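S.K.: Residue numbers (this note's numbering), protein chains in the order written: chain A, 1 to 116; chain B, 1001 to 1225.
Please note: incorrect hints may appear among the correct ones.
Quick list of simulated restraints, FRET-style, between CB atoms [said to hold, decoys possible]:
# : chain 1 : residue 1 : chain 2 : residue 2 : range
1 : A       : L40       : B       : A1003     : 33 to 43 Å
2 : A       : L19       : B       : A1128     : 45 to 55 Å
3 : A       : F56       : B       : T1166     : 40 to 50 Å
4 : A       : K39       : B       : T1166     : 15 to 25 Å
5 : B       : T1015     : A       : P33       : 42 to 52 Å
6 : B       : L1077     : A       : L78       : 27 to 37 Å
7 : A       : V73       : B       : I1132     : 37 to 47 Å
8 : A       : F37       : B       : Y1196     : 20 to 30 Å
Each computed DSSO-like pair below joins lysine-lysine, with the alpha-carbon atoms no more than 30 Å apart [stated by the list, open to error]:
#  : chain 1 : residue 1 : chain 2 : residue 2
9  : B       : K1058     : A       : K90
10 : B       : K1188     : B       : K1131
11 : B       : K1126     : A       : K113
12 : B       : K1188     : B       : K1126
Hints were generated in silico from the structure; no laboratory data involved. None of these values were measured; they are calculated from a predicted model. Don't be surprised by glycine CBs; every beta carbon is placed ideally from N, CA and C.
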Amino acid sequence: MLVSNVHFYQIAILVISCLMIFFGLEKTIKQKPGQTFLKLAIRIIVWGGMAAVALFPSFTNYLAHFIGIEGNVNAVILTGFLLVFLIIFKILSVVERIEQDITRLTRKEALKKLKQ
Amino acid sequence: MKAVYIVIPAYNEETAIGQVVEDVLKEGFSSIIVVDDGSRDNTAAVATKSGALALRHKINRGKGAATRTGIEAALFLGADIVVTLDADGQHNAKEILDLVQPIIHNECDVALGTRQIITGTMPRYKVAHNKIANTITMLYSGIRVQDSQSGFRAYSRHACNYLDTTSDAYEYESEIIRLIAAHKLSYKEVSISTVYTDYSTSKLQKQDISNGIRTVYKMLWKALS
């Protein structure tokens, strides 16, 4: 891969991916609350994968062959959809947990009158 | 004599809650807990004036959340039996005793008020809604009951300790059925009547259309996650 052949979008994706991985590593090293190795691993796989596809477009051919779908673009889109669904599932789980926390707090506050 | 507590979750029910509390008092049940679920009107004040203990959620969390708050309060106050009923006046307070009797006589842990599906008296949309809800609840819980969405129920103290519900909204009623199955609690379906006033019917229609789909989605979500 020659530097002269590199397009702007490849550099942009690479920079964004590096930043996202850096932030994940920083959170893990500083042991920020809620950060786990699993989250870091997912972050590296997702952003690292995007960087790999941006820098080495031929990688999508291997991906297409691995998934069993003809056409490398289709394979990338399908993988993207899968990741989006996983992210939505994760977000909904977090929302549900926060909703339950709010309910618990509201209940505690309502029952305080009795328990005082 | 067993201590019977009546729990009434209420949201914006200032026009109906006073009469509901008075009807319950007339039947000889004086321990009434109204959980005002973040109402924007004077529900809590009217309930207190009518003779109930009013607890207040600072923000609206849904019928299921309010019912659980009421049940926890009743247990804290020493209830042996907890009866839940709706705040819009659709349940007949005279039938509380019918629900409580099987628990007093140790026939079951939970008495489920069951509305009779009689064509002509029950609105058609309500019959359809109940049938769909019963089928979904059966798939979700594994047991078939005749009225999975009735809020008129009685629980023994023993049963209440197992009702660790997480549903905040209308899927609460189905979650109770699932917990009955999961903890192998004994239950009995007790026939109840339903008073369809203009007021309660207008509320029911709103609930059916907007919350029906949401309830199914929430139940599916809980089953999958």
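S.K.: Each of the hints needs a verdict: does it hold here or not?
M.R.: To see whether the hints hold, each was checked on the structure:
Distance hint for L40(A) and A1003(B): a CB-CB separation of about 54 Å, inconsistent with the stated range 33 to 43 Å. Take L19(A) and A1128(B): their Cβ atoms lie about 54 Å apart, and the range 45 to 55 Å holds. Checked against the given bound of 40 to 50 Å, the beta carbons of F56(A) and T1166(B), roughly 46 Å apart, stay inside it. Taken as a hint, the range 15 to 25 Å holds for the pair K39(A) and T1166(B), whose Cβ atoms sit roughly 24 Å apart.
Restraint check, T1015(B) to P33(A): a C-beta distance of roughly 46 Å satisfies the suggested window 42 to 52 Å. In this structure, L1077(B) and L78(A) break the distance hint of 27 to 37 Å, their C-beta atoms being roughly 57 Å apart. As the Cβ distance of V73(A) to I1132(B) is approximately 42 Å, the hint placing it in 37 to 47 Å holds. The hinted window of 20 to 30 Å between F37(A) and Y1196(B) is violated, with their beta carbons roughly 57 Å apart.
For the hint pairing K1058(B) with K90(A), the CA-to-CA distance comes to about 28 Å; that is within 30 Å, so the pair holds. Simply put, K1188(B) and K1131(B) have alpha-carbon atoms about 19 Å apart, close enough for the 30 Å limit, and the pair holds. Between K1126(B) and K113(A) the CA atoms are separated by roughly 38 Å; this puts the pair beyond 30 Å, and the hint is violated. The suggested pairing of K1188(B) with K1126(B) holds, with an alpha-carbon distance near 23 Å, which does not exceed 30 Å.
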